[in-house]
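*Asks:* Residues per chain, in single letters:
2 protein chains.
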Amino acid sequence: MIIALDAMGGDKAPSATVAGAVESVYMYEDINLVLVGDENIIKKHLRGKSYPKDRLSIKHASQVVDMQETPTIALRNKLDSSIRVAIDMVKNEEAGAVVSAGHSGVALTTSLSLLKRAPGVDRPAIAAFMPTLKGRFLLLDAGANINCRPINLLQFAIMGSAYYSAVLGVQSPKVALISIGEEDTKGNDLTKEAFKMLKASKLNFIGNVEGKDIFRGAADVVVCDGFTGNTTLKISEGLAEVIFKMLKDEISKSLVGRMGYLLIKPAIRSFKKNTDYEEYGGAPLLGINGTCIICHGRSTSKAIRNAVRVANQVVKININKIISDAIEGSLNDIKEQELIN
Amino acid sequence: MIIALDAMGGDKAPSATVAGAVESVYMYEDINLVLVGDENIIKKHLRGKSYPKDRLSIKHASQVVDMQETPTIALRNKLDSSIRVAIDMVKNEEAGAVVSAGHSGVALTTSLSLLKRAPGVDRPAIAAFMPTLKGRFLLLDAGANINCRPINLLQFAIMGSAYYSAVLGVQSPKVALISIGEEDTKGNDLTKEAFKMLKASKLNFIGNVEGKDIFRGAADVVVCDGFTGNTTLKISEGLAEVIFKMLKDEISKSLVGRMGYLLIKPAIRSFKKNTDYEEYGGAPLLGINGTCIICHGRSTSKAIRNAVRVANQVVKININKIISDAIEGSLNDIKEQELIN
Chain B
295 MIIALDAMGG DKAPSATVAG AVESVYMYED INLVLVGDEN IIKKHLRGKS
345 YPKDRLSIKH ASQVVDMQET PTIALRNKLD SSIRVAIDMV KNEEAGAVVS
395 AGHSGVALTT SLSLLKRAPG VDRPAIAAFM PTLKGRFLLL DAGANINCRP
445 INLLQFAIMG SAYYSAVLGV QSPKVALISI GEEDTKGNDL TKEAFKMLKA
495 SKLNFIGNVE GKDIFRGAAD VVVCDGFTGN TTLKISEGLA EVIFKMLKDE
545 ISKSLVGRMG YLLIKPAIRS FKKNTDYEEY GGAPLLGING TCIICHGRST
595 SKAIRNAVRV ANQVVKININ KIISDAIEGS LNDIKEQELI N
Chain H
295 MIIALDAMGG DKAPSATVAG AVESVYMYED INLVLVGDEN IIKKHLRGKS
345 YPKDRLSIKH ASQVVDMQET PTIALRNKLD SSIRVAIDMV KNEEAGAVVS
395 AGHSGVALTT SLSLLKRAPG VDRPAIAAFM PTLKGRFLLL DAGANINCRP
445 INLLQFAIMG SAYYSAVLGV QSPKVALISI GEEDTKGNDL TKEAFKMLKA
495 SKLNFIGNVE GKDIFRGAAD VVVCDGFTGN TTLKISEGLA EVIFKMLKDE
545 ISKSLVGRMG YLLIKPAIRS FKKNTDYEEY GGAPLLGING TCIICHGRST
595 SKAIRNAVRV ANQVVKININ KIISDAIEGS LNDIKEQELI N
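Respectively, the protein sequence lines represent chains B and H. Our numbering runs 294 ahead of the 1-based position in the first sequence. Our numbering runs 294 ahead of the 1-based position in the second sequence.
Isolated chain B, as found in the complex (with noise of 0.2 Å):
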């Protein structure tokens, strides 16, 4: 399998993509890899290195998009940046699947607008895994869309489910709506009708869920809209790195402290390796055509290596037939309903 790597992308970009990118060759050994970007950057960062040569190649592409731009002006005025060839790949079946620590607006700008929406999806949604005391959920919409409709949270809990099934195998993963209370009368405007569809829907769907429940993993699947995603996301990654520091600086105040932070140490290297986004990869984009893997902006090399991990699964999978396949399902199962009733 061919995965195009958006190789300028990324606040650690290019050296820790093009690291990543040569990792990848390594340990994966169905996989190549395509760098996509400034040729005589990357053959820059790529000297020294030693790497099948014929498993990983360059694709020049002369731009780059940076963090400040507006996706659809990036869309439309910078055709020949990084991103974008590396999107334009998997349209042109060039690449299986494209992987991006940059932009992640624009990266769904230009997906969108290049790959196109799966039939029966009206806005496609970035699906991030994030740990639990019992192992891990999905969240969707982790940022794609700001503004959303009753019925995109419905399609973000059919795709997610169809994704968490087919990657973890479990049957029929509980659904739960993020909302601030678990009576169905409680939520706001957006909640109280994704509520009403989602109890219709013959998804496992288990009501809503609070954000104390979410972590200790009572549901696989944890459908809201992008704003309040994104700032799950960011919350759960700013408290998390703020109570370890805090910790830490607690620990260090007494001798006792310190000698006993040296034996926890190992114990707390496991956790964090456990929680860490960059062993979880990239989030796919779920709904498109094609397959989009959107990291962490601030990439290192491992995070790269797995979020490239997660794109060989994806599409190995067929994750977008196993889609298309639930949305129908889904439309099927409302087209009945409407006949008997």
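Read the hints as simulated data drawn from the structure, not as lab findings. Treat the hints with care, as some may be off.
If several chains are the same, the list does not tell them apart, and a pair holds so long as it fits within one copy or across any two.
[To be verified] Capping the alpha-carbon separation at 20 Å, the derived lysine to any residue pairs in SDA-like fashion look like this: (1) 596 / 371; (2) 337 / 539; (3) 347 / 619; (4) 480 / 417; (5) 410 / 348; (6) 347 / 556; (7) 343 / 494; (8) 306 / 441; (9) 506 / 572.
As the structure is a computational prediction, the values presented were derived from the model and not from experiment.
Please build the complex by placing chain H on the supplied structure of chain B, with the hints as guidance.
*Replies:* Using the frame of chain B, we list chain H on its own:
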């Protein structure tokens, strides 16, 4: 100062509320407490406890609001509920403040109905302190207003700034808006409009903040709609709890880890004390004519006692006057600007 305590409100009421009341009268010598609720039940919980009888009394209320009730219905039908009778005491100037760990929606609706909005305030907001790396920030609205307009967010910022200044003695607290990107073009319809209004105000507005910045202490006052605020609060709470549980599980896997844990336990305890919601007590409802402190539903006696402390402090600094002045000041600023333009 007389404080009316809703003795029947909260998951652990009345045992936690009664115990919290007894602790309060011992700790804060300048307050008198009135436990509002079923007299027989309260008496039963007071039995065997020693306390200054002249400073802790009971006011009977025959009904209790439970967590599943719809606020407007509870307001209409439960005229003798503990929360309503307690708020009525503030209205009739029999008490200077009310503290409740019961149904926050009912506390809000009843406060609004009986005490009314402060002049110039469209929507009162719950203002909750949360810990950061550097100290703490004030989050509002933490859950009173699910659907908000931009003007509400501006008013939250004005009220929050005034409160933060009064409590922590900071001159022009840094105000920020929760959004999903730091640039002013990022966010949803609500935050984009609110951004413009905040920028045009005389507040020390530093722009959008994301979840990751909040806990690092980027801002003093953080505003958002009540849905986002409540989600932020509950995600943070849930995540912090789960991080400690997971970390402890990981540490307990090895003998060395368990030994290390014993050494860092005092530090963990101290860290938890600094960040525990119980220490923060309750969150005032800003923007009403009167003082109402909303507590966590799970409040222990310690949380209740700290909420009583907050109530006492809020009344002493005359927060209502401070907020009226701030709102009036900002209205004058707007008029001035209009005259100039």
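*Asks:* Decide, hint by hint, whether the structure agrees.
*Replies:* Hint by hint, here is what the structure shows:
Taking identical chains as interchangeable, the C-alpha atoms of residue 596 and residue 371 are never at most 20 Å apart, the minima being 32 Å within one chain and 60 Å between chains. In the homo-oligomer, the alpha carbons of residue 337 and residue 539 never lie at most 20 Å apart, since the shortest distance is 38 Å inside one protomer and 46 Å across protomers. Proximity of residue 347 to residue 619 under the C-alpha cut-off of 20 Å is found in neither arrangement, the shortest distances being 39 Å within a copy and 71 Å between copies. Proximity of residue 480 to residue 417 under the C-alpha cut-off of 20 Å is restricted to the inter-copy arrangement: shortest distance 19 Å between copies versus 25 Å within a copy.
Taking the shortest Cα distances, residue 410 and residue 348 never come within 20 Å of each other, neither inside one copy (31 Å) nor across copies (74 Å). For a Cα distance limit of 20 Å, the shortest separation of residue 347 from residue 556 qualifies neither inside one copy, at 43 Å, nor across copies, at 53 Å. With identical chains, the CA atoms of residue 343 and residue 494 are never at most 20 Å apart, being 56 Å at best within one copy and 53 Å at best between copies. Within a single copy, residue 306 and residue 441 get their C-alpha atoms no closer than 30 Å, and across copies no closer than 38 Å, so neither meets the 20 Å cut-off.
In the homo-oligomer, the alpha carbons of residue 506 and residue 572 lie at most 20 Å apart only across protomers (16 Å), although the nearest pairing inside one protomer, at 24 Å, exceeds that limit.
Checked against the numbered hints given earlier, the structure breaks hints 1, 2, 3, 5, 6, 7, 8 and satisfies all the rest.
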